[in-house]
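Engineer: Sequence:
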Amino acid sequence: MSVHADRAREQDEARQAVERGEALPLAELLGRVRAELGGELVGVSFERKRGRWIYEFKVVGERGQIEEVYVDAATAEILKREGR
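Counting from 1, position 40 in the sequence shown corresponds to residue 40 in the UniProt record's numbering; the numbering is continuous, with no gaps.
Derived from the structure by calculation, the hints contain no laboratory data. Mixed in with the good hints, there may be bad ones.
Have a look at the derived ranges for each label pair, beta carbon to beta carbon [unchecked claim]:
1) E19 <-> Q65: 28 to 38 Å
2) I66 <-> G31: 20 to 30 Å
3) K80 <-> L26: 10 to 20 Å
4) R63 <-> R20: 35 to 45 Å
5) G61 <-> R20: 28 to 38 Å
For each residue, glycine too, the CB sits at the ideal point set by N, CA and C.
Please construct the entire structure, taking both the sequences and the accompanying hints into account.
Structural biologist: Here you go:
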């Protein structure tokens, strides 16, 4: 499957999860957690892990390090950070 097809599938899954009330819209979730992410947001993905929807943010920190931040899509709770 192409990268474009993967992104389209991911967007469809996110839209459907939001419509079913299983996830917050990305803009609303970012409004809640943006300050906690730190650094510059350079990527986002949406996937189901362990029975819940997760937004995965890629952030470039002040010193150029890349960090992945996993956020529960329904509650906006930051679950895990990797790459600090």
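Engineer: Hint by hint, note whether the structure agrees.
Structural biologist: Hints and how they fare:
1. Between E19 and Q65 the C-beta distance comes to about 36 Å, which sits within the given range of 28 to 38 Å.
2. Our hint of 20 to 30 Å for I66 and G31 holds, since their Cβ atoms are close to 23 Å apart.
3. One distance hint, 10 to 20 Å for the beta-carbon pair K80 and L26, holds here, with the actual separation near 19 Å.
4. In this structure the hint that R63 and R20 lie 35 to 45 Å apart at CB holds, the actual value being about 40 Å.
5. A beta carbon spacing of about 34 Å between G61 and R20 agrees with the range 28 to 38 Å that was offered as a hint.
Checked against the numbered hints given earlier, this structure breaks none of them.
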